[in-house]
Amino acid sequence: MTARADRPSRSHAAYQSLRDDIFAFRLLPGDRFTENDVAERLGISRTPVREALQRLQGDGLVRGYYRNGWEVVPLDLARFEALYELRTLLETHAVMRLCGPGTRETSGASGASAMAARFDAPAVVAKLVSELDAIWRVPVAERLDDGQRVSELDEAFHLAIVHAAGNPEAAAVHQQVTDRIRIIRRLDFAFGTRISLTYDEHGAILAALSTRDAPRAVALLSAHIEDGRAEVSRLTTERLEQARTSLVRPEVPNAPARRRRFG
1 MTARADRPSR
11 SHAAYQSLRD
21 DIFAFRLLPG
31 DRFTENDVAE
41 RLGISRTPVR
51 EALQRLQGDG
61 LVRGYYRNGW
71 EVVPLDLARF
81 EALYELRTLL
91 ETHAVMRLCG
101 PGTRETSGAS
111 GASAMAARFD
121 APAVVAKLVS
131 ELDAIWRVPV
141 AERLDDGQRV
151 SELDEAFHLA
161 IVHAAGNPEA
171 AAVHQQVTDR
181 IRIIRRLDFA
191 FGTRISLTYD
201 EHGAILAALS
211 TRDAPRAVAL
221 LSAHIEDGRA
231 EVSRLTTERL
241 EQARTSLVRP
251 EVPNAPARRR
261 RFG
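The letter at position 250 of the sequence shown is residue 250 when you use UniProt numbering, and the numbering goes up by one with no holes.
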């Protein structure tokens with residue numbers, strides 16, 4: 001295999017390694033490093049490292065500085081609280097729309113186009129529930145236990161609900177919120193115990209959606225998001241504290257702890 005053909009696999013491996021370092025807090029929020037640092041540690045060239053870092057930047061996990069290296073995006077818990085509140089508003093609004101009047105015009109349509117652009121809520125909900133049931137309402141023995149994969153499916157579950165409600169602008173904003181909270185949201189599945197709970201709670205939400213019971217669906221969805229928010233907030237604070245207190249002190253007396261770049 002040529003070096004050019006092998007580069008995508010090296011880039012992907014570098015991406016996974018760095019992402020794991022960030023999620024495990026071996027790289028702490030605010031840590032700075034260079035492409036050379038990563039290339040030397042992984043024993044690869046800077047090109048696949050740069051490609052990996054660009055992917056991580058797209059994920060909102062790092063940010064680059066022109067000719068001045070890279071930084072793990074600092075965590076702002078107050079900002080995450082606000083984003084979770086916005087996420088709840090968007091998702092509960094979507095559920096109310098899905099459980100509302102059976103057939104109506106889609107938002108933004110007018111005149112003759114409105115007659116052709118109808119939102120058939122029962123049909124949309126039936127299709128949505130059928131697709132998501134195949135993933136979430138399965139026997140316990142068939143449930144996944146891979147935290148990373150479940151976190152990806154969890155994102156897709158919530159995105160699907162908002163997309164199904166038929167407002168593309170709301171869906172675009174919800175996607176942005178999802179991207180911004182990903183770094184702490186996935187802690188819930190990497191270090192928490194919510195995989196089984198997520199299956200149970202998603203199943204209950206789908207059951208309420210299938211009967212288009214808006215009050216119950218909204219209550220279940222709101223509680224599900226709030227429980228997740230509280231857990232990731234706790235885990236973030238806990239993991240950061242553990243990471244910072246575990247850093248090795250230099251042997252110089254009374255010197256401050258030295259931040260470790262990589263585990």
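Hints are supplied without guarantee of correctness; some may be wrong.
[To be verified] Mimicking DMTMM-like on lysine to aspartate or glutamate, the simulated pairs with C-alpha atoms at most 25 Å apart in a straight line are:
hint, residue 1, residue 2
1, Lys127, Glu152
2, Lys127, Glu40
3, Lys127, Asp213
4, Lys127, Glu201
5, Lys127, Glu142
6, Lys127, Glu71
7, Lys127, Glu81
The set of hints was computed from the structure by calculation and includes no laboratory data.
Since this is a predicted model, take the numbers as computed values, not measurements.
The hints, checked one at a time:
1. Lys127 with Glu152: Between lysine 127 and glutamate 152 the Cα gap is close to 21 Å, so the pair holds against 25 Å.
2. Lys127 with Glu40: violated (50 Å)
3. Lys127 with Asp213: holds (16 Å)
4. Lys127 with Glu201: Distance of about 19 Å is within 25 Å: holds.
5. Lys127 with Glu142: Holds: lysine 127 and glutamate 142 sit about 22 Å apart, inside 25 Å.
6. Lys127 with Glu71: violated (43 Å)
7. Lys127 with Glu81: Distance ~32 Å between lysine 127 and glutamate 81 Cα, so the pair is violated.
In this structure, the hints that do not hold are numbers 2, 6 and 7, in rising order.
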